[in-house]
Amino acid sequence: MIVEPMNPSTPVDLAIMWAESHEHFIDQGYAWVGITIKPNTIRALKTFDPQRYAGVSMAAPAGAVRCAADRINPSSQPTTPADETGLAWDMLSQIGALLKSDGAASPLSVAARRLYLTGQSQTAGYARTYATLFHATTQGSDGRPLFDAYLYSGSPPWQVPLHQCRADLPAGDIRLMTPAVGVPVVELFAQGDVGTNLATRRPDADTTMDRFRRYEIAGAPHVDPWEQLSTASAEDLARATRGSPPASDAGCRPQNVAPSDFPTRVVFNAAWRNLDQWVQRGIAPPHAPLLQVRPGITAESFDPEKAFVTDEAGNAKGGVRTPPVDVPTARWVGAKTGAFPGHHRRGRGLSASR
Numbered sequence: 177m178i179v180e181p182m183n184p185s186t187p188v189d190l191a192i193m194w195a196e197s198h199e200h201f202i203d204q205g206y207a208w209v210g211i212t213i214k215p216n217t218i219r220a221l222k223t224f225d226p227q228r229y230a231g232v233s234m235a236a237p238a239g240a241v242r243c244a245a246d247r248i249n250p251s252s253q254p255t256t257p258a259d260e261t262g263l264a265w266d267m268l269s270q271i272g273a274l275l276k277s278d279g280a281a282s283p284l285s286v287a288a289r290r291l292y293l294t295g296q297s298q299t300a301g302y303a304r305t306y307a308t309l310f311h312a313t314t315q316g317s318d319g320r321p322l323f324d325a326y327l328y329s330g331s332p333p334w335q336v337p338l339h340q341c342r343a344d345l346p347a348g349d350i351r352l353m354t355p356a357v358g359v360p361v362v363e364l365f366a367q368g369d370v371g372t373n374l375a376t377r378r379p380d381a382d383t384t385m386d387r388f389r390r391y392e393i394a395g396a397p398h399v400d401p402w403e404q405l406s407t408a409s410a411e412d413l414a415r416a417t418r419g420s421p422p423a424s425d426a427g428c429r430p431q432n433v434a435p436s437d438f439p440t441r442v443v444f445n446a447a448w449r450n451l452d453q454w455v456q457r458g459i460a461p462p463h464a465p466l467l468q469v470r471p472g473i474t475a476e477s478f479d480p481e482k483a484f485v486t487d488e489a490g491n492a493k494g495g496v497r498t499p500p501v502d503v504p505t506a507r508w509v510g511a512k513t514g515a516f517p518g519h520h521r522r523g524r525g526l527s528a529s530r
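Counting in the working numbering, the sequence shown runs from 177 upward without gaps.
Worth flagging that the hints you see were computed from the coordinates, not collected in a lab. A hint or two may mislead.
[To be verified] Beta-carbon label-pair distances, calculated as ranges:
(1) Glu411 / Ala258: 24 to 32 Å
(2) Glu488 / Leu284: 50 to 58 Å
(3) Ala244 / Thr505: 51 to 59 Å
All of these numbers come straight from a predicted model, not from anything done at the bench. We put the beta carbon where it would ideally sit given N, CA and C, even for glycine.
All chains should be modelled from the sequences, with the hints used to inform the complete structure.
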């Protein structure tokens, strides 16, 4: 079963990993569960259907650390002092335990045999933080790990705050790098995500306690058309936001900006298939080289159009290879500078002779 905390980067939930790989999930017979994970999208649910969602809340419990609005960690926004984004960790654990149970409260007719936690972008950060800080101390009723594996894409380079008043970890803190957790962990990064995640690079591993893969996908952007299948319709968005979506929506669904049509989903689907084989049969997935970054490039000096070592077509060398970059008809930039860096089409097309 795939468990996806839905991305709250717009006013409404975005089921991005479902949008990317739903055909694969259905073909393989996976169940999928999406979780509303942040107060801002709960507000949208309540606006959309006040009666149905009347009891849904992430109100700060008694005894919770509280702080004024201007002291809330920016990574926890949008929220209010009356809410607590840190309840997400309890929600993931409790929902996971419910899905693995066969009690009357379970939404399923049978208990889930395997749970894979996923997420994209902001919620990839949730998956990585959960794996890093909660996995080792969270077990199912059988005493085994609650989540059997983790696969996520485009996680931010910081740790999601454990509660909304907590300060960020300092840059370079070792806790920002994914540790050994004892079950398979697959981190996926589009080429467009690599610049902000240079410091989180770590080697692959194949030991009992450290089963880890990092895949950097040559040519891939942070956002593609399949991801945008996760966005609400214009009618539902208007209903959920009373016709006035906040400005944060523009960053994930800008108007008059053509997204890249790079087929990132095929790499995701292959990664899912390999992950399941790793968990069920112990068959380790292949390794892939990291994208080749020019010497001396840092996150601070990173220019996504110039930072990579490229081939004669202008495509980045290294990383996970696919036909669009190995037999190219265009240059795939992965990201660009300026507004909406994750939303772009391929770069210049190649001449007929090339």
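Verification of the supplied hints:
1. Glu411 / Ala258: 24 to 32 Å: 30 Å, holds
2. Glu488 / Leu284: 50 to 58 Å: Holds: the Cβ-Cβ distance is about 52 Å, inside 50 to 58 Å.
3. Ala244 / Thr505: 51 to 59 Å: 54 Å, holds
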